[in-house]
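Construct all of the structure, not just a fragment, from the sequences and the given hints.
Numbering (this note's numbering), first residue to last: 41 to 516.
FYI, nobody ran anything at the bench for these hints, they're computed from the structure. Quick caveat, the model's predicted, so the values are computed rather than measured. Glycine included, each C-beta is placed from N, C-alpha and C at the ideal position. All the pointers check out, no bait thrown in.
Computed cross-link-like contacts, BS3-like style, restricted to lysine-lysine with a CA-CA straight-line distance of at most 30 Å:
1) K425 / K263
2) K371 / K412
3) K371 / K266
4) K176 / K504
5) K176 / K371
6) K277 / K331
7) K504 / K425
8) K504 / K482
9) K306 / K99
10) K412 / K482
11) K312 / K131
12) K425 / K454
13) K263 / K155
14) K231 / K483
15) K306 / K331
16) K266 / K277
Each pair of labels, with its calculated beta carbon distance range:
17) D299 / T168: 44 to 54 Å
18) A125 / Q226: 48 to 58 Å
19) M158 / Q275: 25 to 35 Å
20) N192 / P420: 39 to 49 Å
21) S147 / K504: 44 to 54 Å
22) N330 / P462: 29 to 39 Å
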Amino acid sequence: MKKRQALIKRLVIGLTGAAALYAVYYCSQALPVATGYGAKIMGSGIFISGRDQKDLAQKELDFWPLNLATFRVDYQDSSVTCSIAGMASSKAIFRKGLGVTLINGLSETEIRAQKINMVFPVVGNRDTIAWPMGDKIVNTYPDCVDSIAVGNAVARAFNAEESRAGTRDSSRVNLTRALVILYDGQVIAEKYATGYSASTRLTGWSMAKSVVGALMGILVKQKQIKIDEPAPVQQWKDPSDPRHHITIRHLLQQTTGLDFEEVYNKPSHANKMLFVEGDAAAFAAARSFNKAPGEDFRYSSGNTNILSGIMRKELGDSDYHIFPYAHLFYKLGMYNTVIEPDASGTFVGSSFCYATARDWARFGLLYLNNGKSNGEQLLPEDWVKQSVTPSTAAEQGEYGFQWWLNAGAKNNPKNRLYPELPVDMFYADGYEGQNIFVIPSKKLVVVRLGLTRTSHWGENELLKSVMAAIDTDKKQ
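Here it is, written out as structure tokens:
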């Protein structure tokens, strides 16, 4: 009996010790991710979106362990420090024209000393310049649009906020903050939640991937890259390395075969890359290889940041930071957009882009118009077609060049992500309910920005209602 009790005691002590060690290990991995996330979201929310610290803490950062965090906002040096119980701390700094950058890998002094070329356009009164290059928007509607029905559909999208707000279960939050609908290039609906406006820049999260897809298209048009040759990545230059055979097309289509964990509820590769590492592109490129390129579709923020690193290598630092603005954003009238770099100076193209709802709509309009804006063909003439052609590895026909698709399975189009919506629909999809939907057959672009922690925010119902409100057979 005594031997048995002693054995049980040793077992309990052993299990307790193992649990304690695991807890220490988990905290050492998870807490730096949490504080990095907290500092970055708080920093961008305050210094880019112009939001209130308390509001951000109560909405974006209300979950464990960030509900235990301490935030120190320094308006003198434009920084945010997030710490949790003295066990982990992260700092993020704001720089004009660059947005917010986490201090990882380099010191704050080194990051602030970086010489980065930027371009700031001289823009007049945009309210006097016609949409889409400006913000002068006509108040009339095409005859084929039932404006009342569209307005009702928009109102329902915002009513979800009223029904879910205040719930004790933060995982059920569904807040629409901005909604813009274009028909045939014209704004036919626009609405903002209290505290937000047409000038509020909001995160797109993974909608940034579609922006990187466009930038790669521009590089192709300028003949600076070829997408079917081995990707020019330093870590893969050895021909004996199986990663040497990964092409830019594989990166665009998310079929690289790299072992990259894309989940957000633990210290995954994605979370470490975004919130702990100082060089996202290098971290992603260092991942091991587990499948042949082109064989398997696996969505990965790492692939997009590798593309961002390639763009920097091909352009050089003198042009790299100017490039998205001079060759894409300002050409579209996107003057309220910022894409943020990591500590190394490389844009975090997978996730860190802030823009107004109107600017996101302008970007969607570029793709509706087959890569043309203001009379200029910005993208190769076949780039949009390539972008919305499913990868053969995407079994549901769900992914192209950094855009999600609704094409459906090759031999069964009904097997698609949104069976009730058109097969030609494609969309940018960001964490917590950020979306740009483009439906060419209906001449529609729909932008929704918000905070949704459920699987869907009601996009299927909204899009169906908007399509029903447009009588395409009616003379315009």
